Structures are given as structure tokens and as C-alpha cells.
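Whenever a hint applies, use it, and build me the whole structure from the sequences.
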Amino acid sequence: MVLRIHNERWEGVPFILKAGKALNSRKADIRVQFKDVPGDIFKSQKQGRNEFVIRLQPSEAIYMKLTVKQPGLEMSTAQSELDLSYRQRYQGVVIPEAYERLILDTIRGDQQHFVRRDELKAAWEIFTPLLHRIDNGEFKPIAYKPGSRGPAEADELLEKAGYVQTHGYIWIPTDVIN
Numbered sequence: 000m001v002l003r004i005h006n007e008r009w010e011g012v013p014f015i016l017k018a019g020k021a022l023n024s025r026k027a028d029i030r031v032q033f034k035d036v037p038g039d040i041f042k043s044q045k046q047g048r049n050e051f052v053i054r055l056q057p058s059e060a061i062y063m064k065l066t067v068k069q070p071g072l073e074m075s076t077a078q079s080e081l082d083l084s085y086r087q088r089y090q091g092v093v094i095p096e097a098y099e100r101l102i103l104d105t106i107r108g109d110q111q112h113f114v115r116r117d118e119l120k121a122a123w124e125i126f127t128p129l130l131h132r133i134d135n136g137e138f139k140p141i142a143y144k145p146g147s148r149g150p151a152e153a154d155e156l157l158e159k160a161g162y163v164q165t166h167g168y169i170w171i172p173t174d175v176i177n
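0 is the number of the first residue of the sequence shown in numbering that gives the first Met the number 0; add one for each residue after it.
Cross-link-like lysine to aspartate or glutamate pairs, in silico, EDC-like; alpha carbons within 20 Å at most:
(1) 34 to 50
(2) 159 to 50
(3) 26 to 50
(4) 20 to 155
Now the in silico label distances, taken between C-beta atoms and shown as ranges:
(5) 73 to 35: 16 to 26 Å
(6) 163 to 56: 17 to 27 Å
(7) 21 to 73: 40 to 50 Å
Hints listed in this document are in silico derivations from the structure and should not be mistaken for laboratory results.
Note that the coordinates shown come from a computational prediction; the quantities given were computed from them, not determined experimentally.
Ideal Cβ placement from N, Cα and C applies to all residues, glycine included.
Following this line, the structure appears as C-alpha cells:
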């Protein structure tokens with residue numbers, strides 16, 4: 000699903016929501032993909048767009064995926080990351096699972112990690128019309144094979160919205176490497 004906010008600040012910026020069950024990987028992340036700049040000084044093949052990623056699960060992390068110039072005299076580029084992997088940075092600290100944190104917050108009466116009423120109302124205002132269209136037969140969810148990336152139509156929708164997939168790129172958190 001592609002959402003757009005029609006105001007001066009966000010005009011032309013797509014907000015892309017992609018979700019599914021039984022996909023090939025279980026993850027939750029927020030990605031900000033930066034557009035290509037005009038006048039690229041690197042004449043080599045594009046490595047992909049720069050992205051700022053907040054990985055919520057698994058392996059909580061914040062990282063920047065960047066196209067950087069490789070050392071040397073050649074004007075060649077490679078994909079690299081600047082990352083803060085929580086498990087690597089905070090070794091020896093027990094990081095609670097998501098629901099552990101929420102249960103503790105409930106016991107303490109702390110509501111800061113919960114959805115507010117106005118946020119919940121806004122979410123229903125977005126999704127209720129879609130659910131009605133499904134119920135009325137105007138729209139049919141696209142089936143996909145369990146264990147896949149999801150339907151090909153989802154990737155086509157991302158492409159139409161301007162998102163550029165970096166094929167072959169896999170972020171490996173530093174806590175897995177070490």
C-alpha cells in the first residue's frame with residue numbers, strides 16, 4: 000500500500016507499507032530511501048540508493064546503507080554500512096523482548112510505548128475503506144506462495160512508487176559477523 004500526505008512538506012513523497020504472513024523472512028523495519036542526485040560523478044554501474052534503516056526485529060539496529068567510493072585511483076563504488084547494532088554495542092546488557100517491555104510498562108502504568116487513541120483512530124481511517132472494498136468485492140488480496148518474498152505485484156507497486164530495490168544486497172549485522 001502506498002500512502003501520500005498532501006501538504007507542502009511531504010508532497011510527492013510516497014509512504015510505502017508492506018506486510019505479509021509466512022514470508023521468506025520475519026522482519027520489521029523502517030526505511031528512508033534517498034533519491035538519486037543529478038550529476039553523478041561516478042560513471043560506474045549504480046550500486047543502489049542510499050538508505051537509512053531502523054531495524055525493529057530481528058537484531059535491533061540502526062544503519063545507513065551507502066554507496067561509497069572504493070579506496071584507490073579508480074572511480075569505482077561499493078555498498079557499505081554505518082551501523083549501530085544494539086547487541087554488538089551493548090554487550091552484556093539484557094535487551095528485553097518487545098512484549099516483555101510492554102508488560103512491564105502495563106504493570107508500571109506507563110503508556111508511552113502504547114498507541115494513543117488519536118493514532119488508533121487515524122489508522123482505522125486509513126484501513127477501514129480498504130477493508131470495505133475487500134468486503135464489497137471491489138478489491139481482492141493477492142495470494143502468494145508461503146516462504147516467498149510475497150506477490151510480484153508488491154514489488155511492481157514499490158517500483159511504481161519510485162522505490163529502487165538493491166538486488167543481491169544483504170545487510171549482515173556486526174553481531175552475526177563477530
